[in-house]
Amino acid sequence: MRFFNRINFSLFEKVRSQFNYRDMPFLAEQIKTLSQSKPYQGLRFYHNVPLTLTTLIKIEALLRGGAEVIVSDVSVLKTDPKLLDILKCAGVTVDINKALVKECDVYFDCLGELIHYPAPTLGYIELTQTGTDRYKKAK
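Residue numbers for the sequence shown follow my numbering, beginning at 10 and rising by one.
Hints are not guaranteed to be accurate.
[Said to hold, decoys possible] Derived CB-CB ranges, DEER-like:
| # | residue 1 | residue 2 | range |
| --- | --- | --- | --- |
| 1 | Lys146 | Pro59 | 38 to 46 angstroms |
| 2 | Lys146 | Thr42 | 17 to 25 angstroms |
| 3 | Arg31 | Ser84 | 28 to 36 angstroms |
| 4 | Gln27 | Lys87 | 18 to 26 angstroms |
| 5 | Tyr144 | Arg31 | 18 to 26 angstroms |
| 6 | Gly100 | Lys145 | 16 to 24 angstroms |
| 7 | Lys87 | Ile134 | 16 to 24 angstroms |
Because the hints were derived from the structure by calculation, they are not lab data. C-beta atoms are modelled at their ideal positions from N, C-alpha and C, and glycine is treated no differently.
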(Lines of atoms letter the chains of each structure in order from A and count residues from 1; the text may use other names and numbers.)
(Lines give C-alpha, C1' and ligand atoms only; values in the text may rest on other atoms or scores of the structure.)
Protein backbone atom coordinates (compact mmCIF):
# COMPACT_ATOMS: atom_id res chain seq x y z
CA MET A 1 0.00 0.00 0.00
CA ARG A 2 1.08 3.56 -0.59
CA PHE A 3 0.90 4.67 3.05
CA PHE A 4 3.38 1.97 4.14
CA ASN A 5 6.20 3.68 2.25
CA ARG A 6 5.73 6.87 4.25
CA ILE A 7 6.00 5.28 7.71
CA ASN A 8 9.20 6.22 9.49
CA PHE A 9 9.82 3.08 11.53
CA SER A 10 13.02 4.47 13.04
CA LEU A 11 10.91 6.55 15.42
CA PHE A 12 9.15 3.40 16.64
CA GLU A 13 12.51 1.67 17.01
CA LYS A 14 13.66 4.56 19.18
CA VAL A 15 10.61 4.07 21.43
CA ARG A 16 11.29 0.32 21.63
CA SER A 17 14.90 0.98 22.60
CA GLN A 18 13.62 2.39 25.88
CA PHE A 19 12.46 -1.10 26.90
CA ASN A 20 14.25 -4.34 27.56
CA TYR A 21 13.28 -7.28 25.35
CA ARG A 22 12.33 -9.22 28.50
CA ASP A 23 9.74 -6.54 29.27
CA MET A 24 7.89 -7.11 25.99
CA PRO A 25 8.78 -10.49 24.46
CA PHE A 26 5.36 -10.96 22.89
CA LEU A 27 5.35 -7.58 21.13
CA ALA A 28 8.96 -7.98 20.01
CA GLU A 29 8.22 -11.37 18.46
CA GLN A 30 4.97 -10.10 16.99
CA ILE A 31 6.78 -7.21 15.28
CA LYS A 32 9.32 -9.63 13.81
CA THR A 33 6.66 -12.06 12.57
CA LEU A 34 4.24 -9.44 11.24
CA SER A 35 7.02 -7.63 9.37
CA GLN A 36 7.57 -10.78 7.34
CA SER A 37 4.04 -12.10 6.89
CA LYS A 38 2.07 -8.80 6.52
CA PRO A 39 -1.31 -10.37 7.43
CA TYR A 40 -3.02 -6.98 7.73
CA GLN A 41 -2.06 -5.80 4.23
CA GLY A 42 -4.92 -3.75 2.80
CA LEU A 43 -6.77 -3.37 6.10
CA ARG A 44 -7.57 -0.07 7.78
CA PHE A 45 -7.66 0.03 11.58
CA TYR A 46 -9.06 2.88 13.64
CA HIS A 47 -7.26 3.04 16.99
CA ASN A 48 -9.24 4.85 19.71
CA VAL A 49 -7.44 3.60 22.82
CA PRO A 50 -5.44 5.50 25.48
CA LEU A 51 -1.96 6.26 24.17
CA THR A 52 1.16 5.30 26.10
CA LEU A 53 4.70 4.45 25.03
CA THR A 54 3.80 0.76 25.05
CA THR A 55 0.68 1.46 22.97
CA LEU A 56 2.97 2.97 20.33
CA ILE A 57 4.76 -0.37 20.15
CA LYS A 58 1.44 -2.12 19.55
CA ILE A 59 0.67 0.39 16.79
CA GLU A 60 4.08 -0.35 15.27
CA ALA A 61 3.22 -4.05 15.18
CA LEU A 62 -0.01 -3.32 13.30
CA LEU A 63 1.81 -1.09 10.82
CA ARG A 64 4.58 -3.61 10.25
CA GLY A 65 1.85 -6.16 9.59
CA GLY A 66 0.74 -4.05 6.64
CA ALA A 67 -2.23 -2.25 8.20
CA GLU A 68 -3.09 1.37 7.73
CA VAL A 69 -3.67 2.70 11.24
CA ILE A 70 -5.55 5.89 12.02
CA VAL A 71 -5.01 6.97 15.62
CA SER A 72 -7.42 8.91 17.77
CA ASP A 73 -7.61 9.16 21.51
CA VAL A 74 -10.15 8.49 24.20
CA SER A 75 -12.00 11.71 24.93
CA VAL A 76 -11.90 11.39 28.73
CA LEU A 77 -8.10 11.24 28.94
CA LYS A 78 -5.44 13.81 28.17
CA THR A 79 -2.73 12.38 25.93
CA ASP A 80 0.87 13.43 26.24
CA PRO A 81 1.43 15.65 23.16
CA LYS A 82 4.88 14.07 22.72
CA LEU A 83 3.23 10.75 21.87
CA LEU A 84 1.05 12.38 19.23
CA ASP A 85 4.13 14.11 17.81
CA ILE A 86 5.95 10.77 17.54
CA LEU A 87 3.03 9.32 15.59
CA LYS A 88 2.73 12.33 13.28
CA CYS A 89 6.48 12.44 12.63
CA ALA A 90 6.43 8.72 11.90
CA GLY A 91 3.80 9.32 9.20
CA VAL A 92 0.80 7.89 11.07
CA THR A 93 -2.53 9.63 10.55
CA VAL A 94 -3.68 11.23 13.83
CA ASP A 95 -7.39 12.06 13.97
CA ILE A 96 -8.19 13.47 17.41
CA ASN A 97 -11.56 14.89 16.27
CA LYS A 98 -12.63 11.50 14.87
CA ALA A 99 -13.35 12.97 11.45
CA LEU A 100 -11.92 9.93 9.64
CA VAL A 101 -13.97 7.20 11.34
CA LYS A 102 -15.41 5.72 8.18
CA GLU A 103 -14.63 2.91 5.82
CA CYS A 104 -12.51 1.13 8.42
CA ASP A 105 -12.16 -2.61 8.76
CA VAL A 106 -11.54 -2.82 12.51
CA TYR A 107 -12.06 -0.48 15.44
CA PHE A 108 -9.85 -0.64 18.51
CA ASP A 109 -12.17 1.20 20.88
CA CYS A 110 -12.37 2.26 24.50
CA LEU A 111 -15.54 3.13 26.42
CA GLY A 112 -17.61 2.41 23.32
CA GLU A 113 -16.86 5.87 21.94
CA LEU A 114 -17.09 4.72 18.32
CA ILE A 115 -20.50 3.08 18.67
CA HIS A 116 -22.32 5.90 16.85
CA TYR A 117 -19.99 5.88 13.84
CA PRO A 118 -20.45 3.70 10.75
CA ALA A 119 -19.81 0.06 11.63
CA PRO A 120 -16.40 -1.33 10.67
CA THR A 121 -16.45 -3.99 7.97
CA LEU A 122 -14.83 -6.73 10.08
CA GLY A 123 -15.63 -5.76 13.67
CA TYR A 124 -14.38 -4.03 16.75
CA ILE A 125 -12.13 -4.74 19.71
CA GLU A 126 -13.35 -3.06 22.87
CA LEU A 127 -10.95 -2.37 25.73
CA THR A 128 -13.42 -1.89 28.60
CA GLN A 129 -16.43 -3.66 30.04
CA THR A 130 -18.34 -0.37 29.92
CA GLY A 131 -17.82 -0.17 26.16
CA THR A 132 -18.61 -3.85 25.68
CA ASP A 133 -21.94 -3.33 27.41
CA ARG A 134 -22.68 -0.35 25.16
CA TYR A 135 -21.98 -2.45 22.03
CA LYS A 136 -24.15 -5.32 23.30
CA LYS A 137 -27.08 -2.98 23.95
CA ALA A 138 -26.73 -1.47 20.46
CA LYS A 139 -27.29 -4.80 18.72
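Hint check, failures only: 1, 2, 5 and 6
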